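A.B. asks: Chains as they are written, first to last, in UniProt numbering: chain A, 1 to 328; chain B, 1 to 328; chain C, 1 to 328; chain D, 1 to 328.
Quick caveat, the hints were computed from the structure, so don't treat them as lab data. As the structure is a computational prediction, the values presented were derived from the model and not from experiment. There may be inaccurate statements among the hints.
Intra- or inter-copy, both count: the list cannot distinguish identical chains.
Said to hold, decoys possible - For lysine-lysine, the following DSS-like pairs were computed, each having C-alpha atoms within a straight-line distance of at most 25 Å: (1) K78 to K252; (2) K252 to K233; (3) K310 to K88; (4) K78 to K218; (5) K312 to K218; (6) K78 to K243; (7) K312 to K114; (8) K94 to K310; (9) K218 to K310.
Number of protein chains: 4
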Amino acid sequence: MAKKIRRIGVMTSGGDSPGMNAAIRAVVRACAYYHTECIGFYRGYQGMIEGDYMEMNARSVQNIITRGGTILKSARSKEFLTKEGRQKAADNLKKAEVDAMILIGGDGTFRGGKIFNEEHHIPIIGVPGTIDNDINGTNYTIGFDTALNTVVEAIDKIRDTASSHNRLFFIEVMGRDAGFIALNSGIGAGAEEILIPEENLGLDRLLDSLERSRRSGKTSSIVVVSEGDKIGKNVFELAEYVKENLPDYDAKVTVLGHIQRGGSPSCFDRVLASRLCVRAVELLLDGQKNLMVGFVNNRVEACSLDQALKSKHKINKDLLRISDILST
Amino acid sequence: MAKKIRRIGVMTSGGDSPGMNAAIRAVVRACAYYHTECIGFYRGYQGMIEGDYMEMNARSVQNIITRGGTILKSARSKEFLTKEGRQKAADNLKKAEVDAMILIGGDGTFRGGKIFNEEHHIPIIGVPGTIDNDINGTNYTIGFDTALNTVVEAIDKIRDTASSHNRLFFIEVMGRDAGFIALNSGIGAGAEEILIPEENLGLDRLLDSLERSRRSGKTSSIVVVSEGDKIGKNVFELAEYVKENLPDYDAKVTVLGHIQRGGSPSCFDRVLASRLCVRAVELLLDGQKNLMVGFVNNRVEACSLDQALKSKHKINKDLLRISDILST
Amino acid sequence: MAKKIRRIGVMTSGGDSPGMNAAIRAVVRACAYYHTECIGFYRGYQGMIEGDYMEMNARSVQNIITRGGTILKSARSKEFLTKEGRQKAADNLKKAEVDAMILIGGDGTFRGGKIFNEEHHIPIIGVPGTIDNDINGTNYTIGFDTALNTVVEAIDKIRDTASSHNRLFFIEVMGRDAGFIALNSGIGAGAEEILIPEENLGLDRLLDSLERSRRSGKTSSIVVVSEGDKIGKNVFELAEYVKENLPDYDAKVTVLGHIQRGGSPSCFDRVLASRLCVRAVELLLDGQKNLMVGFVNNRVEACSLDQALKSKHKINKDLLRISDILST
Amino acid sequence: MAKKIRRIGVMTSGGDSPGMNAAIRAVVRACAYYHTECIGFYRGYQGMIEGDYMEMNARSVQNIITRGGTILKSARSKEFLTKEGRQKAADNLKKAEVDAMILIGGDGTFRGGKIFNEEHHIPIIGVPGTIDNDINGTNYTIGFDTALNTVVEAIDKIRDTASSHNRLFFIEVMGRDAGFIALNSGIGAGAEEILIPEENLGLDRLLDSLERSRRSGKTSSIVVVSEGDKIGKNVFELAEYVKENLPDYDAKVTVLGHIQRGGSPSCFDRVLASRLCVRAVELLLDGQKNLMVGFVNNRVEACSLDQALKSKHKINKDLLRISDILST
């Protein structure tokens, strides 16, 4: 029979994302509501290894729902990749009388959690917190929606100056292995072309499209490029290539970088984080474990960590078609 | 057999919402892509009655995806409620050689469209554009997500001053018949209480909750109130009532009003508008009619206008429970 | 000879304004830089009376520069208006070994500080923190610039919906006795008319102007109204009056309210707060007292509290002329 | 005697800046108010050379006050650097019956205007529109304030993620020859260090400061770097150098790039543009010429183009001291 859960630990791990604070708040408040103790570990697995934590009550998370980043900090822990590191973490949880953990992060975080659970049998629930939206078992990860708004606002600003100068801009957005950010922000910003890791349309097609776009009377062109696009050139080489082949264009590059991880979370991300984390606490109190909570078909649903990890969340390739139609 | 569609009309009607321009752009660009002509009627049904329209091509919608409001204007037409008015509109469509209409608006708009089609047999596709999210047959209406962000940003600002002065704020948001905005923005803004038209929890419960909240050490309280809440008092009377019964509180009122309808649309609303309207054009070209396109379970889907109109989109009452837990 | 200053107290008082946290941070950091102790009193004069304070060091103000409101809270203290209240405050300062005070607030705050100094001889420097910009001896008060941006962004949103519906909007902004916010935000938002407390142009002129505006082909009209305008009607009565006299107009009202006090401060307000408060600390350490620091002709300058209090900062009436010209 | 001015031309030239549209609007509306004709040339001097312009009336500038960029487009014209190019421009102005020109741009624009006037005697007024704030004869250029807010908002977002990971960020901002943006945004964003073209503090000082900052318990560090800083390394080399010498730091780089030129202008920039351009029109109508309008000591003032061009606007080095004190 499952041990009664009296004390839940929570941490954030991997790349931070907007809404992680809303998630922490929801875990802490749900624990308070269900008269369960809650402690927060700093810097993800590293804080578990070092026993670096604080006790949290409903007031410790006051007003953090509005803030980007994570008050518990985040890190990637090399030590946790070792058996010894995980043993230390398990010892610390025991000492701190933690009965279960809620892990807020991406697939690296969940992979670590799965091994940890196999070795030390501490119940775990994963909450998908990453701007990349590349987690199986949920339509949206916490932070994705805010990142899209950040990217679209940035491109809107660049569009102002691109239109004023009849320029072509290459804009690199995050997404090393997944084109979710590029695809959605590209459609949202009205980009002329979108390059993603999942599809290599080739350089000729890009040149054709830009040439057509110019002839159709467009006063500016925006190409959104995923960090991990498969075209075989980085964004600066790409811009050089286009300048050489389409000398009429004054091509510029902007790499949006880490502004995409920050900022006050959107309402969508705050509500998503709130709903997922209340459910995470309730699942643990209900004796469940080794699940990830997700938002699927407009409902909160849980799947096994295995399922969440077995493959990547696939992009909707129909969005490429939509983008083509709309950049007419 | 369905008549071939060579020319599509588009209009926006009812209360305007952010993303209507993105929707117009998607209709126009999809028409251009499919070599179909497109004309835009001004001020909804009124422009159809007056024959007030412009021919639109891919360039007429340049850079409007970023803008709030609607370049085609919107209105509520009394004349269209009469048989004569609708006859004039039909005559004008005939004169302008319009084979089908795409109507962007709320349920009033669709009701008008249904009667119009019954009388004049012009194929119609409805696109749900309203900040209220109260349309059956779609999980999200165009403009809802942006309105939520606008409300949450406004409440975040009010929270700054509320916290600085240990104050209680009643904030009225839009939603005469539906609590979608109040419920989601209330959770997103971390409101202590949320009052919606669909549920009357009573004044005693409100006083209790505020009293408990104060005793638990909260430095400020926010109550989000739908325009159409069922508590039997308007927001100013409500604040007076609370002041009388909880004299420790310095209660203030803010009515957010029309800022909720404006602003540059969020990425979510831009992508939603783009996807729904490309589909709307494709459905017409495919010989379909009298449908509404919606976003259901993370997919674009169409339902009959009848279905969209037969009942209201219901709020998820579980969100009230989430709000209760999180305002602990 | 002036007593050596070893410990400085700081507080915020009156209506809060964006940038007060940046001001607190600058006081605390400047104290740390000059090896002077610093304590922060909560809720303005009330915290001095109750001895409610905390010791502050460079780390206590980490990351607050970005946040609206004031971490020291603000209040209007009735008790401080009495001799007994002020005596208690003086006793508490003595007990806490505070040698001088920096008061961040408006003219009410400074008036209190002047009497306090006359009775208890504790050196005081005032820092103008209010969104109203109505303080003599400075061109800009801390929070004014942010409030203008908040108002202009709100009116931009309302303009979206006003333009979509060809509507007239009356928008009430803060400024009970001073038209600074109305005048500057009105010009910034391209308002058709601006009503301020300092000038009563009469109702006939307003009607004329709106009528002219409509005839000139404007698709929407915005009238910005100061809370304290002198036209003898509140904003709702004004809208009614216009509706009766100009029935073609669909007039609506929005009262912006407390969103104007909140929000992350603009860069201007952060730099202003930083510069004024570093100077405030340096003046105290230099043996100066009973001054207000201000930003005059693009330089930080100090004037006596008497001078700051002897009259109101006057609006630049030329701005009304500019507004007239631009709403052509 | 000066020829009567019946028709004024306006153009925007050089790098675009937020508020240029507000400036165009003010020129056009002031012309309308004074019953003077107005035409707008596209793409700066290039449009003058090509005779590419449009007639503008009060309605042509409707609602553009809110938008970034410039509806008249901007460009840098090589042809205008030649005598022949300038002759063509003069011929076109004559043909279009333009009696005087208002030039919105930076010092390159004004230098061109000065030569043009010397050769062709067409009265000219310059309006300082550039984000760089590097123009003599004005405390603020149009667009500078908005750019500062854009930079500060971007750094606030990066601070979220920097704090979550205890990281060091190097952030490159615009300003090839002038440190205005770096200096003000650096103070506004609470940067730990600011590197500007006007001052080379050396690499040792930077390392010392970062080391001290880390020891004092700071959880993140931000270094703001002007494009044109004089430290002899670009921002990527700088980050590498610091990583080698301070291995405890996880240093990252973000180049903000062209987002700094775009965005809806701040209230300050809209009011500034409005006031300067009304004055520009009035000066021309008053028979004045070859002046630049500026905002000096809180007043609109004009200086000769010569004076505006004879030296650069100097940064206030006291701000470096303020930054040092506040990053304690």
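A.B. asks: Now look at each hint and say whether the structure bears it out.
C.D. replies: Hints, verified against the model:
Taking identical chains as interchangeable, the C-alpha atoms of K78 and K252 lie at most 25 Å apart only when they sit on different chains, with a minimum of 19 Å there against 38 Å within one chain. Proximity of K252 to K233 under the C-alpha cut-off of 25 Å is found in both arrangements, the shortest distances being 15 Å within a copy and 22 Å between copies. When the C-alpha separation of K310 and K88 is checked against a cutoff of 25 Å, the pair qualifies neither within a copy, at 28 Å, nor between copies, at 60 Å. For a Cα distance limit of 25 Å, the shortest separation of K78 from K218 across copies, 23 Å, qualifies, whereas the shortest one inside one copy, 49 Å, does not.
Proximity of K312 to K218 under the C-alpha cut-off of 25 Å is found in neither arrangement, the shortest distances being 37 Å within a copy and 37 Å between copies. In this assembly of identical chains, K78 and K243 lie within 25 Å of each other by CA distance solely across copies; the values are 19 Å between and 43 Å within a copy. When the C-alpha separation of K312 and K114 is checked against a cutoff of 25 Å, the pair qualifies only within one copy, where the shortest distance is 17 Å, while the shortest distance between copies is 43 Å. In this homomeric assembly, K94 and K310 never come within 25 Å of each other (Cα to Cα): the closest approach is 30 Å inside a single copy and 57 Å across copies.
Proximity of K218 and K310 under a CA criterion of 25 Å is satisfied in neither setting, with 44 Å inside one chain copy and 40 Å between copies.
Checked against the numbered hints above, the structure breaks hints 3, 5, 8 and 9 and satisfies the rest.
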